[in-house]
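Chemist: The residues making up each chain are set out below.
Protein chains: 2
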Amino acid sequence: MTTDAKILSALRANPDGVSGAQLAEQLAISRAAVWARMDELRKVGYDIEASPHFGYKLVSSPDALHADDLLARLGNTKVVGRDIQVFEQTTSTNDVVERLARDGVKEGAVVFAESQTKGRGRLGRKWSSPTHKGLWLSVLLRPDLRPQETTQLTVISATALRRAIKTVTGLSADIKWPNDLLLGGKKVAGILTEMSAETDRVRHVIIGIGVDVNQDASDLPGELRPIATSLKMESGDEISRAELATEVLRELDTDYARIGTGKFPEVADEWEAACVTIGRNVTVHIGNRKFRGRAESLDDDGALLVRTEHGHLERITGGDVILEK
Amino acid sequence: MTTDAKILSALRANPDGVSGAQLAEQLAISRAAVWARMDELRKVGYDIEASPHFGYKLVSSPDALHADDLLARLGNTKVVGRDIQVFEQTTSTNDVVERLARDGVKEGAVVFAESQTKGRGRLGRKWSSPTHKGLWLSVLLRPDLRPQETTQLTVISATALRRAIKTVTGLSADIKWPNDLLLGGKKVAGILTEMSAETDRVRHVIIGIGVDVNQDASDLPGELRPIATSLKMESGDEISRAELATEVLRELDTDYARIGTGKFPEVADEWEAACVTIGRNVTVHIGNRKFRGRAESLDDDGALLVRTEHGHLERITGGDVILEK
Chain Z
1 MTTDAKILSA LRANPDGVSG AQLAEQLAIS RAAVWARMDE LRKVGYDIEA SPHFGYKLVS
61 SPDALHADDL LARLGNTKVV GRDIQVFEQT TSTNDVVERL ARDGVKEGAV VFAESQTKGR
121 GRLGRKWSSP THKGLWLSVL LRPDLRPQET TQLTVISATA LRRAIKTVTG LSADIKWPND
181 LLLGGKKVAG ILTEMSAETD RVRHVIIGIG VDVNQDASDL PGELRPIATS LKMESGDEIS
241 RAELATEVLR ELDTDYARIG TGKFPEVADE WEAACVTIGR NVTVHIGNRK FRGRAESLDD
301 DGALLVRTEH GHLERITGGD VILEK
Chain Y
1 MTTDAKILSA LRANPDGVSG AQLAEQLAIS RAAVWARMDE LRKVGYDIEA SPHFGYKLVS
61 SPDALHADDL LARLGNTKVV GRDIQVFEQT TSTNDVVERL ARDGVKEGAV VFAESQTKGR
121 GRLGRKWSSP THKGLWLSVL LRPDLRPQET TQLTVISATA LRRAIKTVTG LSADIKWPND
181 LLLGGKKVAG ILTEMSAETD RVRHVIIGIG VDVNQDASDL PGELRPIATS LKMESGDEIS
241 RAELATEVLR ELDTDYARIG TGKFPEVADE WEAACVTIGR NVTVHIGNRK FRGRAESLDD
301 DGALLVRTEH GHLERITGGD VILEK
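As they're listed, the protein sequences go chains Z and Y.
The first sequence begins at 1 in the numbering used here and counts up by one.
The second sequence begins at 1 in the numbering used here and counts up by one.
Hints listed in this document are in silico derivations from the structure and should not be mistaken for laboratory results.
Wrong hints could be hidden among the right ones.
Some but not every residue of chain Y turned toward chain Z, in silico, with C-beta under 10 Å [claimed, not checked]:
no., residue
1, 146
2, 148
3, 178
4, 192
5, 300
6, 302
Keeping only pairs whose Cα atoms sit at most 25 Å apart, straight-line, the calculated DMTMM-like set for lysine to aspartate or glutamate is [claimed, not checked]:
no., chain 1, residue 1, chain 2, residue 2
7, Z, 126, Z, 234
8, Z, 187, Z, 219
9, Y, 118, Z, 98
10, Z, 126, Y, 314
11, Y, 118, Z, 198
12, Z, 290, Y, 198
13, Z, 126, Y, 98
14, Y, 290, Z, 301
15, Y, 290, Z, 234
16, Z, 187, Z, 83
17, Y, 126, Z, 234
18, Z, 118, Y, 95
19, Y, 118, Y, 107
20, Y, 118, Z, 144
21, Z, 263, Y, 314
22, Z, 118, Y, 144
23, Z, 126, Y, 296
24, Y, 118, Z, 103
25, Y, 106, Z, 98
26, Z, 118, Y, 98
27, Z, 6, Z, 243
28, Y, 290, Y, 301
29, Y, 126, Z, 301
30, Y, 6, Y, 47
31, Y, 118, Z, 107
32, Z, 106, Y, 301
33, Z, 290, Y, 301
34, Y, 106, Z, 219
35, Y, 325, Y, 296
36, Y, 126, Z, 103
37, Z, 118, Y, 301
38, Y, 186, Z, 95
Every residue gets a Cβ at the ideal spot worked out from N, C-alpha and C, and that includes glycine.
Could you put the whole structure together from the sequences, leaning on the hints where they help?
Modeler: Okay, here's the thing in structure tokens:
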């Protein structure tokens with residue numbers, strides 16, 4: 001952790017205040033250096049009170065994301081969040097992580113962007129990413145999986161994201177196969193899993209996560225208003241994006257470890273229980289093909305099994321699956 | 001085609017010579033410009049005679065690869081070889097094509113390198129690429145396939161490469177699953193298929209092909225001498241790398257079209273007929289696991305089906321398969 005991350009961590013651990021002398025000793029820096037760091041933190045929006053009586057006290061944190069703050073909040077994880085970077089603007093966080101991956105960066109690195117100029121969803125679709133309103137992040141993983149098994153990572157990302165949203169907002173999101181989270185039937189978050197692989201071996205996977213957090217209805221593009229929502233619109237409250245971000249990384253770290261220890265079936269059960277697609281009549285669009293059926297279950301690789309009108313069982317790994325009313 | 005490619009094409013079409021006047025008219029440039037281009041071509045190693053009697057005549061071509069010459073030799077193809085670049089040295093041709101792919105270059109682009117500083121084979125293994133001795137090339141494809149179907153592209157690359165070697169040298173190579181070509185039981189060529197994909201959709205595939213062409217035994221690293229060979233060592237003749245390169249691209253273009261028209265099963269039959277792995281006793285190494293069995297056949301996705309000593313049928317998509325004597 002950086003010095004700033006350690007300071008924020010100490011301030012959060014001591015809500016009634018911590019003395020400059022104590023901080024200086026913990027961090028092995030001078031009291032003047034502590035004072036200087038506090039001043040820098042104030043400049044980026046942390047409201048830190050100081051008095052000879054109680055020392056330094058964190059009154060409030062800014063809404064903007066800071067890598068040091070996220071590292072301080074996250075504490076120790078096994079893999080996810082070992083390195084965190086925050087950009088004010090990128091083309092797409094998946095693009096940034098792709099470059100890190102090719103430069104040999106270790107798995108667990110996370111990139112956040114406060115806005116994206118070319119945010120994208122599945123099938124190359126555009127993703128709206130208005131500044132400071134949502135969470136747009138990408139995580140680099142290097143799992144020992146074959147290409148067709150990477151659907152497992154989409155599944156664990158959905159369960160992790162769902163638990164994080166529940167913890168921070170109290171809201172229970174539904175999962176729509178393969179990668180959307182819904183609140184009241186409207187999309188609130190999406191996951192884009194991209195990989196680089198040899199035919200039989202994954203080299204790296206990038207999990208892109210987008211969550212609509214503090215948008216008001218007026219922040220949504222007109223065409224999305226009937227089908228999209230935000231955590232703020234559903235809960236009525238402004239949400240701490242840093243808190244949600246931390247929780248998402250912590251939960252993802254937990255579920256990624258579950259894959260490594262052969263517990264993916266447990267995650268899959270959790271996923272299925274939250275999935276609104278299973279048991280529903282659906283219309284499936286794949287390329288130019290279109291058919292109706294009933295979504296029955298998920299197979300071991302995360303594919304959706306759909307019983308068609310004609311009684312065949314179809315294994316769906318892509319395309320669009322639209323829920324019928 | 002560039003002017004140089006058109007000139008080389010015309011010279012090859014007229015082995016007894018073609019007049020400067022005729023070339024100037026065909027190319028819509030002055031006779032002085034034709035003369036200047038001939039001079040440039042001579043500088044890079046083309047032996048072009050000129051006389052008032054027969055005009056210009058191509059006596060011999062250099063061994064070095066030239067993009068214009070390869071385009072001229074190749075003529076029209078459907079996809080593969082629409083754009084060709086030759087580098088004197090790269091890290092790995094797959095790396096160069098990866099960057100082209102991300103910049104949105106169309107499928108069919110081909111990159112050759114006269115030498116590679118970081119040539120690689122399957123599973124991240126090093127690949128020896130001594131200057132001007134072999135063919136090291138990568139082809140960019142954007143097929144409408146799912147990640148697990150990309151083994152089809154390794155299969156068509158092997159059949160295409162095998163036919164090209166047969167045409168140019170008369171030698172009949174064996175195929176060793178999943179991606180090696182053997183002559184007399186020794187490796188002469190390999191194929192590395194890499195992809196960038198979403199979970200359910202391939203974005204692009206890079207087919208890397210390495211062929212040991214004109215190496216002598218003394219050019220092979222010591223540890224490879226018992227297991228590797230070259231076309232020259234097997235045929236006794238120096239091989240025209242440009243001729244072989246052209247033939248490989250032409251055959252790959254043919255087989256890629258066969259995938260697009262649903263004829264992959266035909267290619268798979270051709271592959272199986274040339275495969276020395278099928279019907280053999282093998283030892284399979286996958287990660288830390290090792291077992292023996294008999295390779296029975298290939299499935300629709302190009303996986304190898306191995307009947308173990310214990311009678312189970314295992315579907316092999318990766319790892320190492322070693323042929324027993």
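Chemist: For each hint, tell me whether it holds in the structure or not.
Modeler: Status of each hint after checking the structure:
1. 146: holds, 6 Å
2. 148: Since the shortest Cβ distance to chain Z is 4 Å, the answer is holds.
3. 178: holds, 7 Å
4. 192: Because about 7 Å separates residue 192 of chain Y from the closest Cβ in chain Z, which is inside the 10 Å limit, the hint holds.
5. 300: violated, 14 Å
6. 302: holds, 8 Å
7. Z/126 x Z/234: Given that 25 Å is the threshold and the Cα spacing comes to 23 Å, the pair holds.
8. Z/187 x Z/219: With Cα atoms ~15 Å apart, residue 187 of chain Z and residue 219 of chain Z stay inside 25 Å; holds.
9. Y/118 x Z/98: holds, 20 Å
10. Z/126 x Y/314: violated, 41 Å
11. Y/118 x Z/198: holds, 17 Å
12. Z/290 x Y/198: holds, 21 Å
13. Z/126 x Y/98: holds, 23 Å
14. Y/290 x Z/301: This hinted pair holds, its Cα atoms lying about 24 Å apart.
15. Y/290 x Z/234: violated, 54 Å
16. Z/187 x Z/83: violated, 29 Å
17. Y/126 x Z/234: Cα-Cα ~54 Å, so violated.
18. Z/118 x Y/95: Between residue 118 of chain Z and residue 95 of chain Y the Cα gap is close to 24 Å, so the pair holds against 25 Å.
19. Y/118 x Y/107: holds, 24 Å
20. Y/118 x Z/144: holds, 23 Å
21. Z/263 x Y/314: With a Cα-Cα distance of about 23 Å, the restraint between residue 263 of chain Z and residue 314 of chain Y holds, given a limit of 25 Å.
22. Z/118 x Y/144: Given pair residue 118 of chain Z, residue 144 of chain Y holds - Cα atoms ~24 Å apart, limit 25 Å.
23. Z/126 x Y/296: Violated, because 46 Å separates the two Cα atoms, which is more than 25 Å.
24. Y/118 x Z/103: holds, 14 Å
25. Y/106 x Z/98: holds, 21 Å
26. Z/118 x Y/98: With Cα atoms ~20 Å apart, residue 118 of chain Z and residue 98 of chain Y stay inside 25 Å; holds.
27. Z/6 x Z/243: holds, 17 Å
28. Y/290 x Y/301: OK: residue 290 of chain Y and residue 301 of chain Y at ~23 Å, within 25 Å.
29. Y/126 x Z/301: violated, 32 Å
30. Y/6 x Y/47: holds, 16 Å
31. Y/118 x Z/107: Given that 25 Å is the threshold and the Cα spacing comes to 23 Å, the pair holds.
32. Z/106 x Y/301: violated, 32 Å
33. Z/290 x Y/301: holds, 24 Å
34. Y/106 x Z/219: With Cα atoms ~37 Å apart, residue 106 of chain Y and residue 219 of chain Z exceed 25 Å; violated.
35. Y/325 x Y/296: Judged against 25 Å, a Cα distance of about 17 Å means the pair holds.
36. Y/126 x Z/103: Within the cut-off at roughly 18 Å; holds.
37. Z/118 x Y/301: Outside the cut-off at roughly 34 Å; violated.
38. Y/186 x Z/95: violated, 41 Å
In this structure, the earlier hints numbered 5, 10, 15, 16, 17, 23, 29, 32, 34, 37 and 38 are contradicted, and the remaining ones agree with it.
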